[in-house]
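Knowing the structure of chain A, use the given hints to seat chain B on it.
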Amino acid sequence: MQKKHLSVLIICLALGALFAIVQVGISNGMISGYWVTNLFLMGINIILAASLNLINGFTGEFSLGHAGFMAVGAYAGGVITTNLGLPFPLAIVVGMLAAAVAGVLVGLPTLRLRGDYLAIATLGFGEIVRVVLMNIDYVGGASGLKDIPDVVNWPIIFVSVVLSLLLIKNFVRSSHGRACLAVRENDLAAQMMGVNITYYKVLAFVVGAALAGLAGVLYAHYYTIIQPKEFSFLLTFDVLVMVMVGGLGSLTGSVVGAVLLTTASAFLQAIPELRMVIYALLLIISAIFRPQGLLGEKEVTLRTFQKLGGVFNATSGSKQTQ
Amino acid sequence: MGVAPLLDLEDLNVHYGAIWALKGINLTVGEGEIVSLIGANGAGKSTTLRAISGVIKASSGGISFQGEDITKVPAHDVVKMGIAQVPEGRRVFANLSVLENLELGAYIRKDTKGIKQDLDDVLDRFPRLQERIGQVAGTLSGGEQQMLAIGRALMTRPKLMLLDEPSMGLAPLLVKEIFSIIEEINQEGTTILLVEQNARMALQVASRAYVLETGRIVLDGPAKELAQNEDVKKAYLGG
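Chains as they are written, first to last, in my numbering: chain A, 1 to 322; chain B, 1 to 239.
Next up, chain A with everything else stripped away, as it sits in the complex (with noise of 0.2 Å):
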């Protein structure tokens, strides 16, 4: 139990420390604009990427119809600040809801498909959300959302991000997050051993999708724009990359990934000619040597961190974090 309580402590004190530094890093100003906006991406991709494993590596339903979700979310949220004038928390609740009940009506009908049937249906489900959002005057039309308050802070996103992983985590490892790994394995032996696996199916796309919203919320209330075409399919391509180059199945996996590629994407922006290139050159690398993902099914633990370097010295074996 001790070790438990040491871990926790270890992961507390290194969180607050990543917390603080960046704090007192944007207040003096000794990171940039540049890259304090992309850390909040980076923060917002943590979200998107965690949240699309939750329901395309851990329960096996290949989803592509993040941005939707997302888009949902932004939206939500956005109208809830901007047009009713209503505090920045409502509009996260209202966000993840709206994008967990496009999660029931997108998961509910589309449970029999699997594979690339179920791929293409939740990739027209997205197409769908964009398109109807491009005719609704009420928040825009193709112009977009205008105006919403600028209210996102590194507080917030590092909340967000922390929050959102803890939920996913404590998803997965209880027997939910069992059932979902029996559901990925094999349906039919998953139903014998008296797993619903329809209820399973949809809480993943629920719990994704709303996680989905929340960072959809987050990203409306920090570039205080939004406009449908953002949410096109090439943003759920990004995120479901993220995923596969950390390692389906992986939440670090999905951390690291989301890391990785917004830093590459960043420095990339300086060659904007060849930054394409470059970062479908690095999915390729990847997918040829380490098709797996980086990390696999794998996670990152601090024991992970012991073995590394002996930086515990071997006493606190302990498999606290995921």
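Please keep in mind that the hints were generated in silico from the structure rather than gathered at the bench. Source: prediction; values computed, not measured. Every residue gets a Cβ at the ideal spot worked out from N, C-alpha and C, and that includes glycine. This list has only true hints and no planted wrong ones.
Listed below are the simulated DSSO-like cross-link pairs for lysine-lysine, each with C-alpha atoms no more than 30 Å apart in a straight line:
no.	chain 1	residue 1	chain 2	residue 2
1	B	234	B	224
2	A	169	B	80
3	B	23	B	234
4	A	169	B	113
5	A	4	B	113
6	A	3	B	110
7	B	116	A	3
8	B	110	B	80
9	A	4	B	116
10	A	3	A	298
11	B	116	A	169
12	B	116	A	298
13	A	169	A	3
14	B	159	B	23
15	B	116	B	159
16	B	110	A	169
17	B	113	A	3
18	A	4	B	110
19	B	23	B	57
20	B	110	A	298
A partial selection of chain B residues facing chain A, derived with a Cβ cut-off under 10 Å:
no.	residue
21	55
22	85
23	105
24	152
Structure of chain B alone, referenced to chain A:
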């Protein structure tokens, strides 16, 4: 039979779209029995098991278990009532470890102590699984996977176990081993409905048997009598 049967199929019909797979099956399994269902490919053996466990829906007729109608009960609730199925082709969770597979067998249960006890029992029964407890199930041999699938079903603590072709793809020696395990499990109180192509083995272990041909039961009776039946000998026992 004087006592009400544990499982009772009455005029069961199952369709796959336009295909009429089961054409009015009547079958009973009494408490403590081993009942075998034999027949050629496509006769409807697996379909019968799948209908019982609720994975596919019956188009008409009834299935009752312990006197309760379970025809419309969804698959995940049938397990909770005490029916476990060892599916054809084993279907272990290939990317999960042996232990995780067994733990998933206890998915519906909450009694931590009982689960621990049953886990120990399963590992005692299958020492080979104990040796490979941390190994990923997909890397086990065919026989070991079959043992794991049976062990996983035992973890649900079933009253009735449905076994779908446990001998499939196994070496003769392993088939013998698997069948003696099935007999053991039965002697410890679990009723068994066994579907097999290996009619010889199936008739040896069973007390009663049914012969299924193109969706209809054509013969039934005590297993020993069926084993002596000329038609059965010709069709299923190789003369």
